[in-house]
Structures are given as C-alpha cells and as structure tokens.
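Asker: Below, each chain spelled out in residue letters.
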Amino acid sequence: MANYSTNEFKSGLKVLLEGDPCSIVENEFVKPGKGQAFNRVRLKNLKTGRVWERTFKSGESLEGADVMEYEMEYMYSDGEYWHFMKTDDSYEQIAADKEAVSEGIQWLKENSRCTVTLWNDVPILVVAPNFVDLDIVETDPGLKGDTATGGSKPATLSTGAVVKVPLFINIGESIRVDTRTGEYQGRSKSA
Amino acid sequence: MPTWPALKARAKVLAAIRRFFEARSVTEVSTPSLSRSGTFDAQLSSFEVSDPADKLFLQTSPEYALKRALAVYGEAIFEITPAFRRGDQGSQHNPEFTMLEWYRPGLSLSGLMAEVVDLLNALPEAPEIWRAQSKVDLPVYSFRAVFEQRFGVNPNEAALSSLWQWVQETGAEVTHLAPHDDDQFRSDCLDFLFLEVLQPSLGDIFFLTEFPRCQAALAEIDPKTDTAQRFELYWQGTELANGYLELRDPAVILSRHTVMATARVNRGLPNIAFDNAFAEASALMPPCAGVALGIDRLVMVWLKAKTLSEVQLFSWPNH
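Chains as they are written, first to last, in the working numbering: chain Y, 1 to 191; chain Z, 1001 to 1319.
In short, the hints are calculated from the structure, not lab data.
Ideal Cβ placement from N, Cα and C applies to all residues, glycine included.
A hint or two may mislead.
[Stated by the list, open to error] Distance condition first, Cα-Cα at most 30 Å in a straight line; then the derived DSSO-like pairs of lysine-lysine:
1) K10/Y with K1055/Z
2) K47/Y with K57/Y
3) K86/Y with K98/Y
4) K109/Y with K57/Y
5) K57/Y with K86/Y
6) K189/Y with K164/Y
7) K1306/Z with K44/Y
8) K86/Y with K47/Y
9) K109/Y with K10/Y
10) K57/Y with K1224/Z
11) K10/Y with K1306/Z
12) K98/Y with K57/Y
13) K109/Y with K153/Y
14) K1306/Z with K57/Y
15) K57/Y with K44/Y
[To be verified] In silico contact screen, one side only, chain Y against chain Z (beta carbon under 7 Å); selected entries:
16) Y4
17) S5
18) N7
19) E26
20) F29
21) K31
22) G35
23) K57
24) G59
[Claimed, not checked] Sample of chain Y residues with no beta-carbon within 10 Å of chain Z, all distances over it, derived:
25) Q36
26) R54
27) G64
28) D88
29) K98
30) V127
31) K153
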C-alpha cells in the first residue's frame, strides 16, 4: 500500500498505526506562531472501535491499510465461525472469527443485515445497524399498569443479549434497541 | 477556489490597506523574495532554490530585508509580499501566502497594537463580529499572567518536566514533541498548553502580550516583567498578526541565533548560517515596532470563510 503523509490525511483514509488498521476521522494542521507544527488527528481503531486524539509531527507518514466495508447478511454460526454473505448479488460468503464479531454479533439474528469490515480480505469488525428489533425470550413477569415508576429489569433477547427494560415488558414482546448504547428504545412498531 | 465576489473583496481589502498607509505616510517598498540567507528560527523551514552559483532561500517573511532597509533610511515602511514556509499546509496554512509587514520608527508596542486596530477599522464591509468587538477596546491578555493563573508558575521558570507532564494531561496522545533539555522544548510545550488549555477561554478576538523569554524571537525583553515585548492578534483561534518591539543589539541577536542553532542540532535540522548583514543592520535601525499580518487569513476571517482556499487562488495542493 501507498504511504500517506500528514498533509494527505483526510477523513475516511485508512492507515496502519502500530500494526492496527485505523480510519482517520478528522485531521487538522496546527502551527502555533513560532512553534513546532503538528497535525491533530482523531482516529478510529477499526479492530477495537476506539476513537482517540493523537498528535503527529507534520510531514510524518503512515502506511495505508487495505480496508473495505461491505453490507452483508448474517447467515449462521457453526460454533467457531460466523458466516456472512455479501448483499451485492455476488452471493460471496465470508467467515468471521470470535474476535471480529465481538460486540456486534449479540444484536444480529439470522438473515439480518450488518456492516462487515475486511482488512486484507479478512473480517475484523462486524457492526449491527444502529437500531434493531428483537424478541424477548426471558424476563421476570410484567407488572401490569406499571408505566410510571420508571423501574427496570433485565431481559434476555433472542440473540442472547441482555438489556434493561421497563417493568411492564413481557416475554414474547419485540423491542427496539440502540446497539451503540445497548439501551431499550421502546416496543417495536411493527410487532 | 474563491468565488468572484471573494476575489473582489480581497482586492478591496488590499486597496484599503494601501490607502490607510498612504494617509499615515508609511511608504510601500519591495524587497527580494529570493535571498542568500534563510531564517534561523528552528520551527520555520525555508524552501531552498538551487542555483549553480549560489544557494538561495525563498523568504519566510520580509523581516530581514525590511530591517536592512530601515537601517539605511530610518523611515516608516510597509510591504505586501509573498512569503514561503515549507511544510505549513492545512486549512489555515498554505506554503505560499501573502504577508503584510510594516515598521514604525518611534512607536511603542501598544502604539502599534492600536494601529493594527485602526487598520482593521479602515477595511470595508467589516463582519458583524468585528463591528461588535470594535465598540469596546480589544481585550489584551498577558501570556505570563494567563499562564500563571492556570498553572501557578511563571512560564520562564516552570520545570521542563512539569510542562511535559501538563502537555500529556491535555487529553491527546502527544507524539509530535519529544523531550529536549533546551529552550525550544520549553517554547513548544508552552505553545501546546496555550493552544489546548488557555486560548479556548480567552474569547473570540484578543491581543496576547508579555510572552515568555524563550519565545522572544527578535523582540526586546522587558526587564521589569521578564517577558518578551511581543503581541499576537487572535481571531477565533487563528493567529492573524505578530508584532515586536524590535531587538537592535547584534550581540543579543547572535546569542539567540546560537540558542536556535543548538535547538536545530538537537532536532537534526539543517544548520542556518548567521546573517551578518541583517544583524549589523539591526544596530543601525531606529528604535521601532514592527508587525506582520497574514493577508489571506485576514480576508478569510473578514469574509467569514472557513479555509484559506476560499480566498486564495490555487492554494496547495492545486498550485
């Protein structure tokens, strides 16, 4: 891959930093009056999802990373790998390991869509849509009419994820969850 | 690319600047862009031009040449000229830019700050933020006082290890600086702390004065406050102008060059020969104050543009 110097950094550029593929979120050249010039860069580590701010010496360069994002459909898991298929009519399938599916998979039921990040054609990250609708398979019995006290209880979803829901929610109901925070958003509208 | 109205506004600003100086009997001069000596400032990088007979540098500012002219004529002068700084490229920086620089024999630093305000007031079609600001006096902050208030220590005297620790506590992972046991490292830490910690709370438009000794550059030191007699004009986080009560003692200039030369060696930067013609000329200058103002940035903030490329033709990388 090509090398990119700090003045070529721009939002969306994928680079290698300390061995990990990262995406540049924001880049700003800073030069105090007579001071050392630097670039203030916000980066996202594509393996961990962590976003942080780092300064670079201006003119420093980083190797580009061969990173592609695809919309895919989650098919099934064989226990060791999780299998996904591209949605571009190519029917191309890939298998992701436990590290790649990490957080994201708990929000995915079979045949649902997600974004899979490939680095050198190997999946490194699976991200669910921001909002998903999932059925509750286990929770304490609902307290009828209790919509005001604001209490909550844990509920297990069909994918195995556990979220906090209001006391009046029952087994079998479908709820909407924000996958970025893991928070209950409400009953599913189309349930 | 600038719009046509932006280019016309830029032309009007330039015309107003020339009228302003003509009315005050400050004479426009032109100095060479190509010179035999480059800047010795450790944090500025000159473009070198290869010529079989000579090694030449594109000027990072007309400062040395204008001071040589001051030594000969002793008159108030200004220049509007291209300046070149290798590697300075970003939304607020272009390696080639237009600089206005002027020198006022007999004027104090505060007299020159007042003239900067007068100049901006003389420009056409001021943006609302300036019209609101110019109804009251511009705030003037002392770097030393602002720093002491936040960190509890004089920036001249803070231990380098403390400065480095504070830099690392700003929240960013800082990799562009590495500790060196010299004044340039002190200056770089102070700059970073000013930008990240101090400046955001100082308001939209203000003057900064009383700089730490290590940032004196070519300004006099005031022995009473032990600070450099410099000012900078900030406009919404962007530095617009940089003025000095000009240093005229060649021995002090030589000692500052030596400090910078050491800083250059410590950082693996090329050595820059001492410019004798400039240093000798400094002794012959009348006592004066001088200031440089970035024209492209001025037009940018005046038109409420966000990037230089909106007011500057063919800015990098489209040059």
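Asker: Compare the structure with each hint and give your call.
Answerer: Results for each hint:
A distance of roughly 35 Å separates the Cα atoms of K10/Y and K1055/Z; the hinted pair therefore is violated under the 30 Å criterion. At most 30 Å may separate the alpha-carbon atoms for a hinted pair to count; K47/Y and K57/Y meet this at roughly 24 Å. A threshold of 30 Å between alpha carbons decides the hint, and for K86/Y with K98/Y the separation of about 19 Å falls inside it, so the pair holds. Among the hinted pairs, K109/Y with K57/Y is inconsistent with the structure: their alpha-carbon atoms are about 45 Å apart, more than 30 Å.
Proximity of K57/Y to K86/Y is assessed by CA-CA distance (about 40 Å); at most 30 Å being required, the pair is judged violated. For the proposed pair K189/Y and K164/Y, the alpha carbon gap of about 19 Å is at most 30 Å, so the pair holds. Taking the CA atoms of K1306/Z and K44/Y, the gap is near 25 Å; set against the 30 Å cutoff, the hint holds. As the CA atoms of K86/Y and K47/Y are separated by approximately 20 Å, the hinted pair is consistent with the 30 Å bound.
Note on K109/Y and K10/Y: the hinted pairing is violated, with a Cα-Cα distance of about 35 Å set against a maximum of 30 Å. The straight-line distance between the Cα atoms of K57/Y and K1224/Z is roughly 36 Å, outside the 30 Å bound, and the hint therefore fails. Of the supplied pair hints, the one linking K10/Y and K1306/Z holds, its CA atoms being roughly 16 Å apart against a limit of 30 Å. Of the supplied pair hints, the one linking K98/Y and K57/Y is violated, its CA atoms being roughly 36 Å apart against a limit of 30 Å.
Restraint check for K109/Y and K153/Y: the C-alpha separation of about 22 Å stays at or below 30 Å, so the hint holds. Our distance criterion of 30 Å between C-alpha atoms is met by K1306/Z and K57/Y, whose separation comes to about 23 Å. Annotation: proposed proximity of K57/Y to K44/Y holds, straight-line Cα distance about 19 Å (limit 30 Å). For Y4/Y, the shortest C-beta to C-beta distance to chain Z is roughly 13 Å, which exceeds 7 Å, and the interface hint is violated.
Interface restraint check for S5/Y: the shortest CB-CB distance to chain Z comes to about 10 Å, outside 7 Å, so the restraint is violated. A hinted interface residue such as N7/Y counts as satisfied when its beta carbon comes closer than 7 Å to some beta carbon of chain Z; here the least separation is about 5 Å, so the hint holds. A cut of 7 Å between beta carbons decides the hint on E26/Y: the least distance to chain Z is about 11 Å, and the hint is violated. For F29/Y, the suggested interface contact is upheld, since its CB lies about 2 Å from the closest CB of chain Z, less than 7 Å.
A least Cβ separation of about 6 Å between K31/Y and chain Z falls short of the 7 Å threshold, and the interface hint therefore holds. Because the beta carbon of G35/Y sits about 3 Å from the nearest beta carbon in chain Z, less than 7 Å, this interface hint is met. Satisfaction of the interface hint for K57/Y is found here, the shortest Cβ-Cβ separation to chain Z being roughly 4 Å, below the 7 Å cut-off. The interface hint given for G59/Y holds, since its Cβ lies 6 Å from the closest Cβ of chain Z, which is under the 7 Å cut-off.
A Cβ of chain Z approaches the Cβ of Q36/Y within 10 Å, the least distance being about 4 Å, so the stated non-interface status is violated. For R54/Y, the condition that its CB be more than 10 Å from all CB atoms of chain Z is violated, with the nearest at approximately 4 Å. Annotated as non-interface, G64/Y keeps its C-beta farther than 10 Å from every C-beta of chain Z; the closest such distance is 17 Å. Look at D88/Y: its CB is around 33 Å from the nearest CB on chain Z, clear of 10 Å, so calling it non-interface holds up.
With a least beta-carbon separation of about 29 Å from chain Z, K98/Y lies farther than 10 Å from that chain, consistent with its non-interface assignment. Its beta-carbon lying about 24 Å from the closest one in chain Z, V127/Y satisfies the requirement of being farther than 10 Å from that chain. Its beta-carbon lying about 37 Å from the closest one in chain Z, K153/Y satisfies the requirement of being farther than 10 Å from that chain.
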